[in-house]
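If you read the protein sequences in the order shown, they are chains A and B. The number in our numbering is simply the position in the first sequence, starting from 1, with 25 added. The number in our numbering is simply the position in the second sequence, starting from 1, with 25 added.
Read the hints as simulated data drawn from the structure, not as lab findings. Keep in mind the model is a prediction, meaning the values are calculated, not measured. Take the hints with a grain of salt, since some may be wrong.
It does not matter which identical chain is meant; a pair holds if it fits inside one copy or across any two.
With a cut-off of at most 25 Å between alpha-carbon atoms, the simulated SDA-like pairs for lysine to any residue come out as follows [claimed, not checked]:
#, residue 1, residue 2
1, K185, D46
2, K185, V156
3, K185, I152
4, K185, T170
5, K185, S47
6, K185, T86
7, K185, G77
8, K185, S85
9, K185, L93
One letter stands for each residue in the lines below.
There are 2 protein chains.
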Amino acid sequence: MPIDRLSRMPERGSSDRPTLDSLLDSELVGTLSTVSPDGEPWVVPILFARDGDRVLVHGSTGAGALRLAASGAPVAFCVMALDALVIGHTTFASSANYRSAVLRGTMTRLPADEASEALDLLSDRLIPGRVAEVRPSNARELAATQVLALPIAPGSWIYKERRAQASSPDEQTDAWGGLVPRVTSWGVPEPAPWTDADVPPSVLGLAADQPRRDDTAFRQ
Amino acid sequence: MPIDRLSRMPERGSSDRPTLDSLLDSELVGTLSTVSPDGEPWVVPILFARDGDRVLVHGSTGAGALRLAASGAPVAFCVMALDALVIGHTTFASSANYRSAVLRGTMTRLPADEASEALDLLSDRLIPGRVAEVRPSNARELAATQVLALPIAPGSWIYKERRAQASSPDEQTDAWGGLVPRVTSWGVPEPAPWTDADVPPSVLGLAADQPRRDDTAFRQ
Numbered sequence: 026m027p028i029d030r031l032s033r034m035p036e037r038g039s040s041d042r043p044t045l046d047s048l049l050d051s052e053l054v055g056t057l058s059t060v061s062p063d064g065e066p067w068v069v070p071i072l073f074a075r076d077g078d079r080v081l082v083h084g085s086t087g088a089g090a091l092r093l094a095a096s097g098a099p100v101a102f103c104v105m106a107l108d109a110l111v112i113g114h115t116t117f118a119s120s121a122n123y124r125s126a127v128l129r130g131t132m133t134r135l136p137a138d139e140a141s142e143a144l145d146l147l148s149d150r151l152i153p154g155r156v157a158e159v160r161p162s163n164a165r166e167l168a169a170t171q172v173l174a175l176p177i178a179p180g181s182w183i184y185k186e187r188r189a190q191a192s193s194p195d196e197q198t199d200a201w202g203g204l205v206p207r208v209t210s211w212g213v214p215e216p217a218p219w220t221d222a223d224v225p226p227s228v229l230g231l232a233a234d235q236p237r238r239d240d241t242a243f244r245q
Numbered sequence: 026m027p028i029d030r031l032s033r034m035p036e037r038g039s040s041d042r043p044t045l046d047s048l049l050d051s052e053l054v055g056t057l058s059t060v061s062p063d064g065e066p067w068v069v070p071i072l073f074a075r076d077g078d079r080v081l082v083h084g085s086t087g088a089g090a091l092r093l094a095a096s097g098a099p100v101a102f103c104v105m106a107l108d109a110l111v112i113g114h115t116t117f118a119s120s121a122n123y124r125s126a127v128l129r130g131t132m133t134r135l136p137a138d139e140a141s142e143a144l145d146l147l148s149d150r151l152i153p154g155r156v157a158e159v160r161p162s163n164a165r166e167l168a169a170t171q172v173l174a175l176p177i178a179p180g181s182w183i184y185k186e187r188r189a190q191a192s193s194p195d196e197q198t199d200a201w202g203g204l205v206p207r208v209t210s211w212g213v214p215e216p217a218p219w220t221d222a223d224v225p226p227s228v229l230g231l232a233a234d235q236p237r238r239d240d241t242a243f244r245q
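Could you build the full structure based on these sequences and the hints that come with them?
Printed below as a string of structure tokens:
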């Protein structure tokens, strides 16, 4: 089956790379699906970061799903943002606004000299500025960590979204219809009991970088 | 490989069914992974609802991934909630607080007489009270929709979470450590241009049912 075309509702699709990147750069967690040697689906949720034309994930060298992916098993990496519930005039006409992507391919484990830099990139993507605030990872820590990369290649991904108001009814109705946006934000930092330090700029920056209201739902 | 045991960090796992149900009942979206006839991983994000000892999903009768699942292909259904970023004294000691589950099995498509009731349950799970506010689905709408069920059977699922403060450093450090909670809430409803109706109780109820602050992160 074709993996880069949508068989249903192709008008919801996009092959625009900046549109894909915008989703990948707005989310922190995806799901990594692969197939076990005995043909079973295998999936793990995982933190990720886009680095140019690739998606990076990391984990312990003991993580089974990553070892399977690093061995060359085909993977499908899924990222999804739920932006709003769409309340139609019927339940059938109700829906959700979302952005989603599935990237396919095979992953490669980065060699040690590239893994260190990639881990810094991952850390700074999750908590911008944090790498400069703490000591570098040491050899023992790096040896315990594997970093895998999935190329974002033309034709290897699909993007799909719904970003619209509730559809106009094709019948007489008194029912309300509209959107209920889903808003995700960072709460107040909670210091661990072992620290007396001030909350660092990286953590303060997370709270400052709240999603803008108009990013999360469609306005008609 | 065993599918109901965690090979890594088993202390993060739980075989407690209420713990699983609590996660399933707090989230709206999961990812449905399966394996295509040619052995490739296939994944779609999808709205879902727990109904007792099963997970329900629905979609168009044309949806390929659902047709594949309905044909008896093995599936893995993944649900994940990101609750907080965990800021350690190093990037290596940093982590995330999360709750996650993977349910495995095969899905069955519900017969027409059960599908209608299941669709109402799905709708009322997403927007509690909405079903009573609108007309019932008609025969044409029901015929265009498939509903699939995945049993939640003992031994067929794994649950894993991290719900803790940043680990205490095993070295001298001046670095800050703590949690940054991830908070998800519903925004202000946005009426569609075609409606003059008042915002209904079901939609008002979503805003009233905001996550409590202490649900979203661990307090030490």
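Tested hints:
With identical chains, the CA atoms of K185 and D46 are at most 25 Å apart within one copy only, with a shortest distance of 13 Å there and 29 Å across copies. In this homomeric assembly, K185 and V156 never come within 25 Å of each other (Cα to Cα): the closest approach is 33 Å inside a single copy and 28 Å across copies. Taking identical chains as interchangeable, the C-alpha atoms of K185 and I152 lie at most 25 Å apart only when they sit on different chains, with a minimum of 23 Å there against 27 Å within one chain. For the identical chains of this complex, K185 and T170 are inter-copy neighbours only, at 20 Å across copies versus 33 Å inside a copy, given an alpha-carbon limit of 25 Å.
Within a single copy, K185 and S47 get their C-alpha atoms as close as 13 Å, which meets the 25 Å cut-off; across copies the closest is 29 Å, which misses it. In the homo-oligomer, the alpha carbons of K185 and T86 lie at most 25 Å apart only across protomers (18 Å), although the nearest pairing inside one protomer, at 33 Å, exceeds that limit. Taking the closest pair of Cα atoms, K185 and G77 come within 25 Å of each other only inside a single copy of the chain (20 Å); across copies the shortest separation is 31 Å, beyond that limit. Taking the shortest Cα distances, K185 and S85 sit within 25 Å of each other only across copies (16 Å), while inside one copy they are farther apart (32 Å).
Taking identical chains as interchangeable, the C-alpha atoms of K185 and L93 lie at most 25 Å apart only when they sit on different chains, with a minimum of 20 Å there against 28 Å within one chain.
The structure is inconsistent with hint 2 alone, although it conforms to all the rest.
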